[in-house]
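J.: Residues per chain are reported as follows:
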Amino acid sequence: MHTERKTEYPIQPLWLRVTHWINAIAVLIMVTSGWQIYNASPIFRALTFPSALTLGGWLGGAIQWHFAAMWLLGANFIFYLAMNVTTGRFRKRMFPLSVGAVFRDAHAALRGKLGHADLTRYNAVQKLAYLAVIVDLVVVILSGLVVWKSVQFPMLRAAMGGYDNARVVHFFCMSFLVAFVALHVAMVALVPRSLVVMIRGR
Amino acid sequence: MSLKLFKPRPDAELIIKDAAKELRAPARRLFGKRILSLGGLVMLSGCNISDDKSVNTMLRKISSFNDDAQALLFDPNRLAPTYPESMITRPFPFNAFYDIDEVPEVDPSAYKLTIGGLATGKRIWTLDELHAMPQESQVTRHICIEGWSAIGKWGGVRFADFLARAGADTTAKYIAFHCADNYSTSIDMPTALHVQTLLTLTYDGQTLPAKYGFPMKLRIPTKLGYKNPKHIVAITVTNEYPGGYWENQGYNWFGGS
Numbered sequence: 001m002h003t004e005r006k007t008e009y010p011i012q013p014l015w016l017r018v019t020h021w022i023n024a025i026a027v028l029i030m031v032t033s034g035w036q037i038y039n040a041s042p043i044f045r046a047l048t049f050p051s052a053l054t055l056g057g058w059l060g061g062a063i064q065w066h067f068a069a070m071w072l073l074g075a076n077f078i079f080y081l082a083m084n085v086t087t088g089r090f091r092k093r094m095f096p097l098s099v100g101a102v103f104r105d106a107h108a109a110l111r112g113k114l115g116h117a118d119l120t121r122y123n124a125v126q127k128l129a130y131l132a133v134i135v136d137l138v139v140v141i142l143s144g145l146v147v148w149k150s151v152q153f154p155m156l157r158a159a160m161g162g163y164d165n166a167r168v169v170h171f172f173c174m175s176f177l178v179a180f181v182a183l184h185v186a187m188v189a190l191v192p193r194s195l196v197v198m199i200r201g202r
Numbered sequence: 203m204s205l206k207l208f209k210p211r212p213d214a215e216l217i218i219k220d221a222a223k224e225l226r227a228p229a230r231r232l233f234g235k236r237i238l239s240l241g242g243l244v245m246l247s248g249c250n251i252s253d254d255k256s257v258n259t260m261l262r263k264i265s266s267f268n269d270d271a272q273a274l275l276f277d278p279n280r281l282a283p284t285y286p287e288s289m290i291t292r293p294f295p296f297n298a299f300y301d302i303d304e305v306p307e308v309d310p311s312a313y314k315l316t317i318g319g320l321a322t323g324k325r326i327w328t329l330d331e332l333h334a335m336p337q338e339s340q341v342t343r344h345i346c347i348e349g350w351s352a353i354g355k356w357g358g359v360r361f362a363d364f365l366a367r368a369g370a371d372t373t374a375k376y377i378a379f380h381c382a383d384n385y386s387t388s389i390d391m392p393t394a395l396h397v398q399t400l401l402t403l404t405y406d407g408q409t410l411p412a413k414y415g416f417p418m419k420l421r422i423p424t425k426l427g428y429k430n431p432k433h434i435v436a437i438t439v440t441n442e443y444p445g446g447y448w449e450n451q452g453y454n455w456f457g458g459s
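Going down the list, the sequences are from chains F and X. Each residue of the first sequence is one higher than the one before, starting from 1 at the first, in the numbering used here. Each residue of the second sequence is one higher than the one before, starting from 203 at the first, in the numbering used here.
Same shape as in the complex, but just chain X:
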């Protein structure tokens, strides 16, 4: 009891402090409410935040940083897993930026593959010439950027062999592809030279059907589906960033898996 006599003022101070707190409380509550509604607003307009130009620029920059990160992660000696033929997905899904009835019909007799840019060897190739080269096949998993995957069997020429015969400058940064369906994409040189990267002419032991990319599809099991161009008609070796159909719209360029 007697203690109180010695400390009367701290009590008063505490009361004043409490009162001051009470006064501030409504303001604080209002602030809290505003924070909540701001949060709600951000949530509601969540999908529009990507339309902002500066946000988009930042996202593209990070995506290109991710290209470099993936190039570092890419081990040229690491193989994508291969599977027994019994695990092939049947039917293998058709996928393109158009419907199956719009698949281009390429005339095999008139078909020519051209290779341009930084290459000093044979520049124009017929299908027979490609078939005359050593062939190999592999059963690998195709992984789509959408998330689904399917196992298929592709056969053809090792792309590194083809590049050597075409006299491609393998110190160049990029290889770009232009396709009969107006699709385009481009890849990095280390991936182009990977042993599992094949210029494929067959699917499941048969001539590559139109829906899977006749007359040829570049099969890259270390990259996502959109980095595996079909119906290729022109290949360019270059140091200038070539972009691609999906890449120009915002898909990550490296697209490794």
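Bound conformation, chain F alone:
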């Protein structure tokens, strides 16, 4: 009777939903095992992570998790970037983006006046946040490569300011990533429909 909706364009295509959730799992493993590794030799004496929040049980176990999930994170991220560029989704959904628009939308959001009726479009604050976390993932991966293989990647090592500094860069990238996830999850709680969209595509 009623027309099939086959022609309807999914808001989030399948490849994006799959890479999103694989990334979520990979980041969860990387962060929790990373905290266990951090605890073996804290950069900041006053800061260690509660073992209940860590993965791996001990340093050796955590490193096994970390260096297993790194392949998942890296391969999935490269695929995600390639698909974003080749399908034109990146250009369509993340741009145009202007400083003025970010301030306007941030102001509206803080006054509770930023609508989320249309999930096919990101607002400027969202665009900025997603672009920032993509850049953050690039830097967290590159600094991680230096921590893992400082001798084999001399140019990257220099770019990160040496081995010890690469650890600090890696730590702050992780912090940004965790802050992003906290905000992201809070926003999803405010607009639960976006979670449905990220699962079903519509």
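Bear in mind the hints are in silico, worked out from the structure with no lab data behind them.
Partial chain X-side listing against chain F, Cβ under 10 Å, derived:
1) Asp253
2) Asn258
3) Arg262
4) Phe267
5) Phe276
6) Arg280
7) Pro283
8) Arg343
9) Ile345
10) Trp350
11) Ser351
12) Pro423
13) Gln451
14) Gly458
15) Ser459
On the chain X side, residues computed to face chain F include the following (Cβ under 7 Å):
16) Ile264
17) Leu275
18) Ala282
19) Gly349
20) Thr424
21) Gly452
22) Tyr453
Quantities reported herein were computed from a predicted structural model and do not represent experimental measurements. C-beta atoms are modelled at their ideal positions from N, C-alpha and C, and glycine is treated no differently.
With the hints as your guide, set chain X onto chain F.
T.: Coordinates of chain X only, in the frame set by chain F:
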């Protein structure tokens, strides 16, 4: 207004559809809640997931895949960075699987280094014989698997020279080390032959102190600290995977940096 007359049924259909949705909603919410509590449970038992045998087997397999990846990444001609002596970390940290008061005391006059397995040259070495070989020194960064690093100066014999004199079969896969403190580890042949891999007898210009591995430590600036054995008493050239003290417990075998 008149349009409505022509489409009465889609309206009814939509109402029924909405009603059906409403009926499903509680089930969906329950499902959502269950997913959340499942997630919470996974988080809470996060540290126990590593105890699962199949998970452990998978992690070990990936770790051995990472050995191969690191062997591919390893460039025999790439040097670890060296530093001016002014950058040496003082005091250089002591680190072992035991406390500093348990460091073994090795008697230099009775000391013998043996080399076994796939080697056809000189098999038993005294310290004097090692000191008589060409010596070199380097200031490099020691990187611990825990994350910290420290710069030190080690001097001794190029390990490749020693292996040549010992007639080691350099087509073999592994070199294993057994130490006076019962530590053991093993390395790949390309790393053993790297120009910066030194069988060191001195630290910072002085005879290697007991806490840093007297009478000798294999210094490998292209590998993490636990791949740099101290107090070595026996070296074996072999094609059988030898493992090691930490490696057998789960540390990555290649341990490159």
